[in-house]
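**Q** Chains B and S are the protein sequences, given in the same order. Counted from 1, the first sequence has number 95 at position 95 by our numbering; the numbering is strictly sequential. Counted from 1, the second sequence has number 152 at position 152 by our numbering; the numbering is strictly sequential.
Honestly, the hints are just simulated from the structure, not real lab data. In this text the structure is predicted, and so the values were computed from the model without any measurement. Each residue gets a CB set at the ideal place from its N, CA and C atoms; glycine is no exception. Just so you know, not all the hints are guaranteed correct.
[Stated by the list, open to error] 30 angstroms max Cα-Cα, derived DSBU-like pairs, lysine-lysine:
{"id": "1", "chain 1": "S", "residue 1": "167", "chain 2": "S", "residue 2": "48"}
{"id": "2", "chain 1": "S", "residue 1": "35", "chain 2": "B", "residue 2": "72"}
{"id": "3", "chain 1": "B", "residue 1": "61", "chain 2": "S", "residue 2": "170"}
[Stated by the list, open to error] Just some of the chain S residues that point at chain B, by a computed CB distance under 10 angstroms:
{"id": "4", "residue": "16"}
{"id": "5", "residue": "17"}
{"id": "6", "residue": "26"}
{"id": "7", "residue": "47"}
{"id": "8", "residue": "63"}
{"id": "9", "residue": "64"}
{"id": "10", "residue": "115"}
{"id": "11", "residue": "117"}
{"id": "12", "residue": "166"}
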Amino acid sequence: MRHLTDEELQDYLDGNLLGEQRTLAGRHLESCPVCQNEARLYQSLRSQLQVEPPGFQLSHKLSRAVLSKIQKESLGAVHGRLWQLFLALLGLVVCLNITFYFFDFRPVVKEVQDIPAPKLDPFFEILPQIKAFFAGLNMNLTLLAFAGLALLVISGIDHLIQSKRKPLSLMIW
Amino acid sequence: MIDDILAGNTNGYQTFIEHYQRLVCHIVFRMVANKSDREDLCQEVFIKAYQNLASFQFKSKVSTWLATIAYNSCINHLSKRKALLFDDLVTDEKSLDGFTADHISPYDYTADGDIFSRLQKEIEKLPIQYRTILTLYHLDEMSYAEIGEIMRLPEGTVKSYLFRARKCLKELLLQEYHQEVL
Numbered sequence: 001m002r003h004l005t006d007e008e009l010q011d012y013l014d015g016n017l018l019g020e021q022r023t024l025a026g027r028h029l030e031s032c033p034v035c036q037n038e039a040r041l042y043q044s045l046r047s048q049l050q051v052e053p054p055g056f057q058l059s060h061k062l063s064r065a066v067l068s069k070i071q072k073e074s075l076g077a078v079h080g081r082l083w084q085l086f087l088a089l090l091g092l093v094v095c096l097n098i099t100f101y102f103f104d105f106r107p108v109v110k111e112v113q114d115i116p117a118p119k120l121d122p123f124f125e126i127l128p129q130i131k132a133f134f135a136g137l138n139m140n141l142t143l144l145a146f147a148g149l150a151l152l153v154i155s156g157i158d159h160l161i162q163s164k165r166k167p168l169s170l171m172i173w
Numbered sequence: 001m002i003d004d005i006l007a008g009n010t011n012g013y014q015t016f017i018e019h020y021q022r023l024v025c026h027i028v029f030r031m032v033a034n035k036s037d038r039e040d041l042c043q044e045v046f047i048k049a050y051q052n053l054a055s056f057q058f059k060s061k062v063s064t065w066l067a068t069i070a071y072n073s074c075i076n077h078l079s080k081r082k083a084l085l086f087d088d089l090v091t092d093e094k095s096l097d098g099f100t101a102d103h104i105s106p107y108d109y110t111a112d113g114d115i116f117s118r119l120q121k122e123i124e125k126l127p128i129q130y131r132t133i134l135t136l137y138h139l140d141e142m143s144y145a146e147i148g149e150i151m152r153l154p155e156g157t158v159k160s161y162l163f164r165a166r167k168c169l170k171e172l173l174l175q176e177y178h179q180e181v182l
């Protein structure tokens, strides 16, 4: 009489044997004391493996600690982005000031004003007026306004990307 | 629950953590021996899960997805600490030959230790994949397919490792005790 192999025994106890295979294994187990002992051993092992070891417990404060860390990280990310924005703005202002200190734009503006605008469509018709409006403004102010607008667009795009990546940071931002 | 959390419900995530912390704890505690690292790793797993919640596709169970994060975090942690030895990862169908004779030492056991605590010590000596599979299958009642997804192993390999681990533990216990005690 062939005894059940370890695999067959484990399969039987796991419920992996079905139909005729299960019936045959069950019949053999009823009549074979050797296999009964093996099955008892495996059954004992299984029941002990299903018990959670006593040290496998986390502190009750885990959820609070995790939420606190998440909140800190989100706030840190917001602060980091504000800081980056400030530094970028500062850098831009410094660069513009250095440029204006060494380069005089007034002749360039004059040349641009003198170019006749081609009358192709309504937009080009109002182009000289736009040019005249900007020429009337202080050049420094115009460029700063443009830089500010560019920064706003960039930060808006960055914000959209970040909000896709970290959905909840949107709430704090 | 996920939709609630994504909508900004902080209490929802607290419930999520409380619901799944047992699963994460099982994986981390079974894989990482250093007690001081365990709690930090569990926190890290839940933070990673939170950050990636929006990308969860609902193609698998949340428990499988979270267990995968926990398993990968532990592997990364052990690799960084160089605690993951090459021999600790089972790379082929090699058996646990030699494990039995070398690992049994009477000094490993305390005089008053019961079978359960001795069994836990023997489990800790098994290769990392074997003990993770044992935990996921018996403690968390996961299927071969789910375990395979978590550990990126074929179902057949999961089953084979599980059988080998249990056979090995049975033999280890038999060597130490009379069958009647068990």
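**Q** A separate judgement is required for each hint: does it hold in the structure or not?
**A** Hints, verified against the model:
With a C-alpha separation of about 36 angstroms, the suggested pair residue 167(S) and residue 48(S) falls outside the 30 angstroms cut-off, and the hint is violated. About 25 angstroms separates the Cα atoms of residue 35(S) and residue 72(B), which keeps this hinted pair within 30 angstroms; it holds. About 38 angstroms separates the Cα atoms of residue 61(B) and residue 170(S), which puts this hinted pair outside 30 angstroms; it is violated. The closest approach between the C-beta of residue 16(S) and any C-beta of chain B is roughly 9 angstroms, which is under the 10 angstroms cut-off, so the hint is satisfied.
The beta carbon of residue 17(S) is positioned within 10 angstroms of a beta carbon in chain B (closest approach about 4 angstroms), and the interface hint is therefore held. Using the Cβ-Cβ criterion of 10 angstroms, the hint placing residue 26(S) at the interface with chain B is satisfied: the shortest such distance is roughly 6 angstroms. Evaluation of the residue 47(S) hint against chain B yields a held restraint, the C-beta minimum of about 6 angstroms falling below 10 angstroms. The beta carbon of residue 63(S) comes no nearer than 16 angstroms to any beta carbon in chain B, farther than 10 angstroms, and the hint placing it at the interface is violated.
The beta carbon of residue 64(S) is not positioned within 10 angstroms of any beta carbon in chain B (closest approach about 20 angstroms), and the interface hint is therefore violated. Nearest Cβ of chain B to the Cβ of residue 115(S): about 7 angstroms, under the 10 angstroms cut. The hint holds. Satisfaction of the interface hint for residue 117(S) is found here, the shortest Cβ-Cβ separation to chain B being roughly 8 angstroms, below the 10 angstroms cut-off. Restraint check, residue 166(S) versus chain B: the minimum CB separation of about 6 angstroms is within 10 angstroms; hint holds.
Violated hints, in rising order: 1, 3, 8 and 9; the structure is consistent with all others.
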